[in-house]
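This is what each chain is made of:
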Amino acid sequence: MLKLIENLSELKRFSEWVDTRHDYAQRWKKETGGKVVGYICTYVPEEILYAANILPVRILGSKVPDSSSRVYHHDMWCPFSHDCLSTALRGDFDYLDGIVTTLSCLHMRQVFWLMRDKCEFDWSYFIPFPHGTTNNPYAEEYAASELENFKVAVEEWTGSKITKSDLEASIEIYNKNRKLMKKIYELRKGDNPPITGLHSMEMVLASQLVDKKAHNEVLESLLEKLENVESDREQGSRLMLIGSENDDRDFMRLVEYEINYPATFVFEEHCTGARYFWSQISQNNNLVEALAKYYVDRIPCPSKDWGAAEGKDERRRFSFIKEIAKEYRVDGTILMQQKFCNPHELDIPGLRDLFKELNIPTYTLEFDQTTPVGQFSTRVEAFLESIGEEILF
Amino acid sequence: MTEVKIRPIKVWDEFKKVRAKYYKDISEAKEKGGLLWSGSGWSLANIPSGLGDDVYFLYGEPYAATLAWFKDYAAESQEYMDQIGVARDACSYLRVYWSSALRGTFILTDGTVVKYPEPNFYWTVHICDSHAKWYQHIAVRRGVPMKALDVCVGPGNQLNEKKIRYVVNQLHDSIKWMEKVTGREYSDELLIKRTYQALEYMCRWSRIVNYNKSVPAPIEEKSLFSFYTVFEGPWDKLEKEIQERVKKGLGALEGVEERGRILGDMQPPWPVLTEFYRYMEYKYGVNPIGSLYIYAIAGAWKALDEKGNFVWEPVKFEELLEKYELTNRDEALRATAETFLRHHGMWQTFYDSSFKRKAVLSMTEEWKADGMLLFMNRGCEGLAISQLDYYHALREKGFPVATWEGNFADPRDLDIPKIHHTIDTFMARLGINPLDSES
Chain A
171 MLKLIENLSE LKRFSEWVDT RHDYAQRWKK ETGGKVVGYI CTYVPEEILY
221 AANILPVRIL GSKVPDSSSR VYHHDMWCPF SHDCLSTALR GDFDYLDGIV
271 TTLSCLHMRQ VFWLMRDKCE FDWSYFIPFP HGTTNNPYAE EYAASELENF
321 KVAVEEWTGS KITKSDLEAS IEIYNKNRKL MKKIYELRKG DNPPITGLHS
371 MEMVLASQLV DKKAHNEVLE SLLEKLENVE SDREQGSRLM LIGSENDDRD
421 FMRLVEYEIN YPATFVFEEH CTGARYFWSQ ISQNNNLVEA LAKYYVDRIP
471 CPSKDWGAAE GKDERRRFSF IKEIAKEYRV DGTILMQQKF CNPHELDIPG
521 LRDLFKELNI PTYTLEFDQT TPVGQFSTRV EAFLESIGEE ILF
Chain B
156 MTEVKIRPIK VWDEFKKVRA KYYKDISEAK EKGGLLWSGS GWSLANIPSG
206 LGDDVYFLYG EPYAATLAWF KDYAAESQEY MDQIGVARDA CSYLRVYWSS
256 ALRGTFILTD GTVVKYPEPN FYWTVHICDS HAKWYQHIAV RRGVPMKALD
306 VCVGPGNQLN EKKIRYVVNQ LHDSIKWMEK VTGREYSDEL LIKRTYQALE
356 YMCRWSRIVN YNKSVPAPIE EKSLFSFYTV FEGPWDKLEK EIQERVKKGL
406 GALEGVEERG RILGDMQPPW PVLTEFYRYM EYKYGVNPIG SLYIYAIAGA
456 WKALDEKGNF VWEPVKFEEL LEKYELTNRD EALRATAETF LRHHGMWQTF
506 YDSSFKRKAV LSMTEEWKAD GMLLFMNRGC EGLAISQLDY YHALREKGFP
556 VATWEGNFAD PRDLDIPKIH HTIDTFMARL GINPLDSES
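Sequences listed follow chains A and B, in order. Its first residue numbered 171, the first sequence is counted upward by one per residue in the working numbering. Its first residue numbered 156, the second sequence is counted upward by one per residue in the working numbering.
Just so you know, these hints were derived from the structure itself, not from any lab. No residue lacks a Cβ here, since even glycine has one placed at the ideal position from N, Cα and C. Incorrect hints may have been included.
[Stated by the list, open to error] Cut-off 30 Å, straight-line C-alpha distance, at most; resulting in silico cross-link-like pairs (DSSO-like, lysine-lysine): (1) K288/A with K552/B; (2) K226/B with K172/B; (3) K165/B with K402/B; (4) K509/A with K226/B; (5) K317/B with K463/A; (6) K331/A with K317/B.
[Unchecked claim] Pairwise CB distance ranges (calculated): (7) V322/A with N464/B: 19 to 29 Å; (8) G203/A with R550/B: 34 to 44 Å; (9) R240/A with N464/B: 47 to 57 Å; (10) K270/B with R522/A: 18 to 28 Å; (11) R567/B with G360/A: 48 to 58 Å.
[Stated by the list, open to error] To list a few chain B residues with every Cβ distance to chain A over 10 Å, as calculated: (12) G240; (13) K288; (14) K318; (15) K368; (16) E387; (17) P389; (18) F472; (19) E473; (20) D570.
With the hints as extra help, turn the sequences into a complete structure.
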């Protein structure tokens with residue numbers, strides 16, 4: 171019997187995991203006796219932590235207005251970094267045993283330093299991961315040496331060696347997670363995608379917050395069910411979401427469920443979307459080198475995508491976006507600009523050029539700590555109307 | 156009424172001529188058969204100079220500062236960027252530079268506007284979030300080749316062979332790439348000569364600002380800004396003049412004893428440079444003796460020790476000569492990479508907030524400052540990093556500190572009466588009355 175997507179327990183589970191992430195991590199810690207480490211940037215090789223029986227959880231904000239971070243963190247730093255920091259300063263991350271980051275953007279680096287200095291975690295580590303990963307032939311080798319140092323630091327902290335088979339098993343679980351999420355994303359290529367952008371955002375967010383093994387089980391079950399479900403909503407315009415870090419579920423809900431024009435996000439290109447999981451780690455003899463290759467070659471964050479341009483655009487991310495826009499038959503693109511996110515906003519002029527060339531309309535929205543629902547609904551409705559969508563009622 | 160004047164620097168006119176000529180040369184480089192490249196001011200200019208004696212460079216930040224100094228042109232540039240939808244909060248230097256390149260205009264030091272000189276290539280170090288993205292976009296738009304250098308390796312006190320080699324390898328690649336895009340043969344001999352000059356320049360700059368530790372300080376900050384980007388000026392003469400002042404106990408201000416020593420932290424507000432500095436000097440007789448920026452941006456310092464403390468001691472050029480014997484390309488590249496990674500003061504601050512905090516705290520002692528004015532500069536995220544961290548550290552130490560806000564390259568975002576009000580309040584807190592009130 172066909173079921174309605176909204177009633178799938180797996181989707182509800184993702185949503186619940188995101189809502190109760192702190193409880194989940196503390197429960198996990200109690201049940202397994204393992205450590206929990208917060209990571210600030212998705213370039214952190216979670217696999218190494220997981221291989222050491224550590225639960226890596228992404229540091230995310232709470233979408234709650236809170237000015238406590240303003241005392242330490244410049245007003246012109248992005249709202250996401252403020253949100254993460256104020257959440258930490260409130261004590262919501264006190265259960266963490268440690269924090270780790272890589273050389274990410276300046277704002278998140280600052281969050282790492284402040285969390286380290288103000289929250290007194292047992293352990294912290296900063297990985298000087300290559301900053302320029304596009305067209306940089308030396309990045310992989312250098313990244314491998316820094317990841318090796320990181321592995322040793324984790325071993326020293328936990329007091330136990332990470333064996334080759336530990337790391338192999340961890341990579342396998344992570345690869346499986348990536349593969350399953352990609353499969354689900356691929357179902358969205360067709361007409362009337364079985365899941366919405368909100369569902370997929372919650373799926374990816376949950377994977378950054380819970381044990382990958384548990385997440386994989388739910389993903390497998392969801393994949394089976396998705397063949398036998400139907401959507402009770404009109405697809406409307408097929409939208410692509412492009413951004414830096416975005417976990418604004420309110421916005422997804424607004425666009426897909428609450429405004430007067432039908433629309434569905436068919437793809438999210440940001441680090442809480444496809445950039446987090448799109449490719450696989452090729453296991454070879456040297457697993458740390460394999461990890462380095464994966465993280466250097468992944469779809470880059472705008473802050474790391476600055477390869478050489480021989481008079482033409484060679485941003486690796488742009489080629490990916492171009493391909494996806496065609497494959498997923500995108501009608502319009504929303505450029506979700508995290509206010510003050512320099513790396514992303516400096517890609518926006520190039521992205522506008524790219525979509526102009528593809529003849530796909532784009533619309534830029536600037537995001538803050540909370541979502542201005544009224545203003546955004548008017549603006550997104552106007553955008554949908556301009557790309558030819560007709561009102562629902 | 157006490158009349159305060161800035162003690163004139165005899166050699167200034169010579170510097171001014173060199174700088175004016177340099178910008179003119181940039182605008183005419185290609186017409187005359189030379190090469191022009193552009194990139195961040197953090198880039199290692201000695202590397203492209205191996206392409207010939209007729210290679211000129213347009214450093215993005217110093218050019219943007221020059222541009223910002225011309226208020227009307229800067230305002231017009233900023234408005235153009237607003238119109239074409241470039242984020243208002245993006246690096247303000249980048250915005251005015253993009254405007255110059257996209258509109259195809261270039262401003263000389265006398266304010267003459269000429270055609271934007273298209274570089275042969277863009278080559279840049281990337282240390283803040285904007286650097287490579289800055290030249291990437293403009294290179295694509297103008298169809299010019301571009302390459303960036305990754306210096307992610309971490310602070311000077313954690314360097315090892317692998318880290319240095321990572322940067323050196325990229326430099327080797329960069330040279331091959333430059334040969335390819337320019338069609339020129341690279342001269343290692345020239346590279347070696349320019350490398351020695353670059354290292355000497357860095358050592359000299361730290362020596363020059365180090366003289367300001369003397370009381371009274373021989374030079375004020377506005378003048379320091381006029382000199383530091385002129386790489387091939389009459390530096391010997393300048394240094395001698397400053398040494399002479401120190402020897403004779405002559406301060407930067409004439410007509411008044413140094414009544415206070417004020418430090419800053421960031422780049423200055425270029426469109427209102429005079430209104431900012433001269434207000435303090437003329438009204439209060441205090442000397443803005445420098446800033447973290449002007450001390451650390453161009454000099455070679457001992458910098459971080461093993462414990463991560465910042466050592467404000469200039470590196471001696473003789474020490475570098477002893478350490479590096481440059482006989483081939485690799486040695487020159489290695490000396491360049493290691494010196495910048497280890498001794499460039501400002502570079503260190505991007506790797507940990509504690510380094511910047513310690514640098515600022517010890518700077519206030521070393522330069523015997525009375526107070527510090529922090530510029531919450533909305534135009535530069537890179538150097539604003541850790542600003543509130545050291546603000547709190549200074550307060551905890553009981554060191555007088557005040558903040559003011561604006562945008563260093565956007566005249567629309569610099570409120571002079573408000574800035575003056577902040578200075579007045581800060582002086583009152585320091586117990587320094589206006590000169591007029593005491594005459």
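Verification of the hints:
{"no.": "1", "hint": "K288/A with K552/B", "in the structure": "18 Å, holds"}
{"no.": "2", "hint": "K226/B with K172/B", "in the structure": "22 Å, holds"}
{"no.": "3", "hint": "K165/B with K402/B", "in the structure": "17 Å, holds"}
{"no.": "4", "hint": "K509/A with K226/B", "in the structure": "27 Å, holds"}
{"no.": "5", "hint": "K317/B with K463/A", "in the structure": "17 Å, holds"}
{"no.": "6", "hint": "K331/A with K317/B", "in the structure": "24 Å, holds"}
{"no.": "7", "hint": "V322/A with N464/B: 19 to 29 Å", "in the structure": "26 Å, holds"}
{"no.": "8", "hint": "G203/A with R550/B: 34 to 44 Å", "in the structure": "43 Å, holds"}
{"no.": "9", "hint": "R240/A with N464/B: 47 to 57 Å", "in the structure": "29 Å, violated"}
{"no.": "10", "hint": "K270/B with R522/A: 18 to 28 Å", "in the structure": "26 Å, holds"}
{"no.": "11", "hint": "R567/B with G360/A: 48 to 58 Å", "in the structure": "50 Å, holds"}
{"no.": "12", "hint": "G240", "in the structure": "7 Å, violated"}
{"no.": "13", "hint": "K288", "in the structure": "4 Å, violated"}
{"no.": "14", "hint": "K318", "in the structure": "8 Å, violated"}
{"no.": "15", "hint": "K368", "in the structure": "29 Å, holds"}
{"no.": "16", "hint": "E387", "in the structure": "29 Å, holds"}
{"no.": "17", "hint": "P389", "in the structure": "38 Å, holds"}
{"no.": "18", "hint": "F472", "in the structure": "29 Å, holds"}
{"no.": "19", "hint": "E473", "in the structure": "31 Å, holds"}
{"no.": "20", "hint": "D570", "in the structure": "16 Å, holds"}
In summary, the structure is inconsistent with hints 9, 12, 13 and 14 from the numbered list given earlier, while agreeing with the others.
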